[in-house]
Amino acid sequence: MNKILLLLFVVVRRDLVLAMRRRADVLTTLIFFVMVVSLFPLGVGPESDMLRKMAPGVLWVSALLASMLSLGRLFSADHLDGTLEQMLLAPQPLSVLVLGKMVAHWMVSGLPLVLMTPVLGLQFDMPLEAVGVLMLSLLLGTPVLSMIGAIGAALTLGLRGGGVLLSLLVLPLCIPVLIFGTGAVGAATSGMSYSSHLSLLGALLVLAVAFTPWVTAQALRISME
Amino acid sequence: MFYPLAGKLVPWFAVSSAILFAVGMYLGFVVAPTDATQGEFYRIIYIHVPASILSMFLYLVMAGYAALGLVFNTRLSSMMASAMAPTGALFAFIALWTGALWGKPMWGTWWVWDARLTSELILLFLYLGFISLHASIDDPRRADRASALLAIVGSVNVPIIYFSVKWWNTLHQGSTIKFTGTSMQITMQHAMFTMLAACWLYAVAVVLSRVRSIILERERHTKWVAELPEVAL
Chain A
1 MNKILLLLFV VVRRDLVLAM RRRADVLTTL IFFVMVVSLF PLGVGPESDM LRKMAPGVLW
61 VSALLASMLS LGRLFSADHL DGTLEQMLLA PQPLSVLVLG KMVAHWMVSG LPLVLMTPVL
121 GLQFDMPLEA VGVLMLSLLL GTPVLSMIGA IGAALTLGLR GGGVLLSLLV LPLCIPVLIF
181 GTGAVGAATS GMSYSSHLSL LGALLVLAVA FTPWVTAQAL RISME
Chain B
226 MFYPLAGKLV PWFAVSSAIL FAVGMYLGFV VAPTDATQGE FYRIIYIHVP ASILSMFLYL
286 VMAGYAALGL VFNTRLSSMM ASAMAPTGAL FAFIALWTGA LWGKPMWGTW WVWDARLTSE
346 LILLFLYLGF ISLHASIDDP RRADRASALL AIVGSVNVPI IYFSVKWWNT LHQGSTIKFT
406 GTSMQITMQH AMFTMLAACW LYAVAVVLSR VRSIILERER HTKWVAELPE VAL
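Protein chains in written order, with my numbering: chain A, 1 to 225; chain B, 226 to 458.
If you're looking for bench data, these hints aren't it; they were derived computationally from the structure.
None of the values given here were measured: they were computed from a predicted structure.
Beta carbons: idealized from backbone N, C-alpha and C, even for Gly.
Be aware that one or more of the hints could be misleading.
As the list claims (entries may be wrong) - Ranges between beta-carbon positions, derived for each pair:
1) A/V17 / B/W332: 51 to 61 Å
2) A/V17 / B/A451: 53 to 63 Å
3) A/E225 / B/P236: 31 to 41 Å
4) B/W322 / A/V17: 48 to 58 Å
5) A/T28 / B/F227: 44 to 54 Å
6) B/P365 / A/P93: 22 to 32 Å
7) B/P236 / A/M54: 50 to 60 Å
8) A/P93 / B/I411: 52 to 62 Å
9) B/R366 / A/I4: 25 to 35 Å
What the hints assert, rightly or not - To give a feel for the contact side, a few chain B residues facing chain A, derived at Cβ under 7 Å:
10) I347
11) F350
12) L351
13) G354
14) S357
15) S361
16) R370
17) A371
18) L374
19) N382
20) I385
21) I386
22) S389
23) W393
With the rest of the complex left out, here is chain B:
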């Protein structure tokens, strides 16, 4: 059964994520040198970049799980999908927030209608739509299937939205701000990858523990849940 396995895995992922967070933070904020053009402000990318990568990737994984649940009617996949949505939305929000904090000293403004920012914002909207559709349907099976369909439609739409926003922006004005990480220093890279791994592990830990609660909630009438040591108390 998945439930006890997930229960065993959660602490491992959580602890390793915490360790990597500490290492990544240390590398990023203490060891890594100050950027020549951006000064100390650039250090926010150690949170910003992993968060935005994860927010996008989690949406695809979520849509994949949702599709599995819809096609093969496996309940666990749908539960995984609904467990991922809040984490994905959180990462999208963090990416936007840190992006704004970074944009203020760099570009002199909290927000520009840049293609990436706009599509990240739309991604957040898609997450919120998924969550609120799931929340407003009482019957869990219908909720799973309806929001799965929405997630699939959304993931088909994501490339269209991305390109339309990109063209929209470039048609109005040439993209003046480009962020290319080609000339990144080695320590910066290390810090970045450590933070990315830490965020990954965090996401896995949180999703697993959330899916455990969802399982308990949905299966509360079954015998095996009643016999669990933590429930039987």
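Chain A with its partners taken away, still in its complex shape:
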């Protein structure tokens, strides 16, 4: 057990170190997120009533798109320099290695979005409580996006036009996360209990942690053979 945790830690640290060596990549995702969110008021007009209503959906959809953007890089660099093949051959379970890469991907591309949310929420004039719920829902939901996305990234590894194809495959599968995520905020703003939505998001997260690393490992084996 300890060995597996140690392995997970090593993989996460390796990917984080790699990401910190190329900080621009990390920042692009975040900047993309902020930009897309800021485009919506310009597109639909500055009435604060409407913006307040739209905010959870806009932020969630933008987070979804931003996480799609960085998914292509999840395995491609390791694939190009041969690290991925070594990982497949390694005696350690591949699904744990994959889980480590997912966690690192989320810390690089999901967590910054969550931390950025309050500022953007204020831009949309959201009430403070709703901002808190939005952050919680993103905190629970963005890891699921990274994990589902990893399946798509593994399946489309090394394909022509992989980026667009990846979003085509992954976006429909992400719909439940989007629904529960925005639903929690919607319930909070209308004064209802939002705990059920967050529980469902948590359930999705648990399911994703249990199954997606294994599925992704299978997908990698298919893509690499």
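Given chain A, put chain B in place with the hints provided.
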């Protein structure tokens, strides 16, 4: 071998499907009475309902075949799965299209974000994802296995998506439109089942003839294909 058997079966399924289509259309559009509340517009359900049933069912069958192909490494199952995808997508599209045509006079709008409509749309997206993943991988074996994995993940996700969409809709507003077929008249039922059977047979015929082309395409270097009368010409 499967190829000649499928070749013999295709005309039978095609002809019986055509006959049932004609009978079903006649029953549905001429014999069946006009609906009391919906007028003549309701008749579109004779196409809409079979199409949507088949689109959902074909996805499950496709995922089943894909799983068989992935687990037992049988090439034919994977070929069947990839032959089914376009037909399934077609039915999903027809279901959405006829649904829109029916919705306009009934609900006064082409589209509502009703749970069923939304999940049917997502189903269409899943089909398109399967087809495009299969199309963009050059190596057929990798294409089969990758898209099989996608189909399985999709079929696990379908219930989650369905329920999430359903709850999403009911949480926003009570479902105002319900379509229950409990008080259906007998002729209407007959017409409906005939059309459903016709669509079934059509799907089988099309899938079989498509899988024949896929077999020919993949096995084009083998001897038995070269010796086939239609190829040897």
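Evaluated hints:
no., hint, result
1, A/V17 / B/W332: 51 to 61 Å, "holds, 56 Å"
2, A/V17 / B/A451: 53 to 63 Å, "holds, 57 Å"
3, A/E225 / B/P236: 31 to 41 Å, "holds, 40 Å"
4, B/W322 / A/V17: 48 to 58 Å, "holds, 52 Å"
5, A/T28 / B/F227: 44 to 54 Å, "holds, 51 Å"
6, B/P365 / A/P93: 22 to 32 Å, "holds, 30 Å"
7, B/P236 / A/M54: 50 to 60 Å, "holds, 56 Å"
8, A/P93 / B/I411: 52 to 62 Å, "holds, 60 Å"
9, B/R366 / A/I4: 25 to 35 Å, "holds, 32 Å"
10, I347, "holds, 5 Å"
11, F350, "holds, 4 Å"
12, L351, "holds, 5 Å"
13, G354, "holds, 4 Å"
14, S357, "holds, 6 Å"
15, S361, "holds, 5 Å"
16, R370, "holds, 4 Å"
17, A371, "holds, 5 Å"
18, L374, "holds, 5 Å"
19, N382, "holds, 5 Å"
20, I385, "holds, 5 Å"
21, I386, "holds, 6 Å"
22, S389, "holds, 4 Å"
23, W393, "holds, 4 Å"
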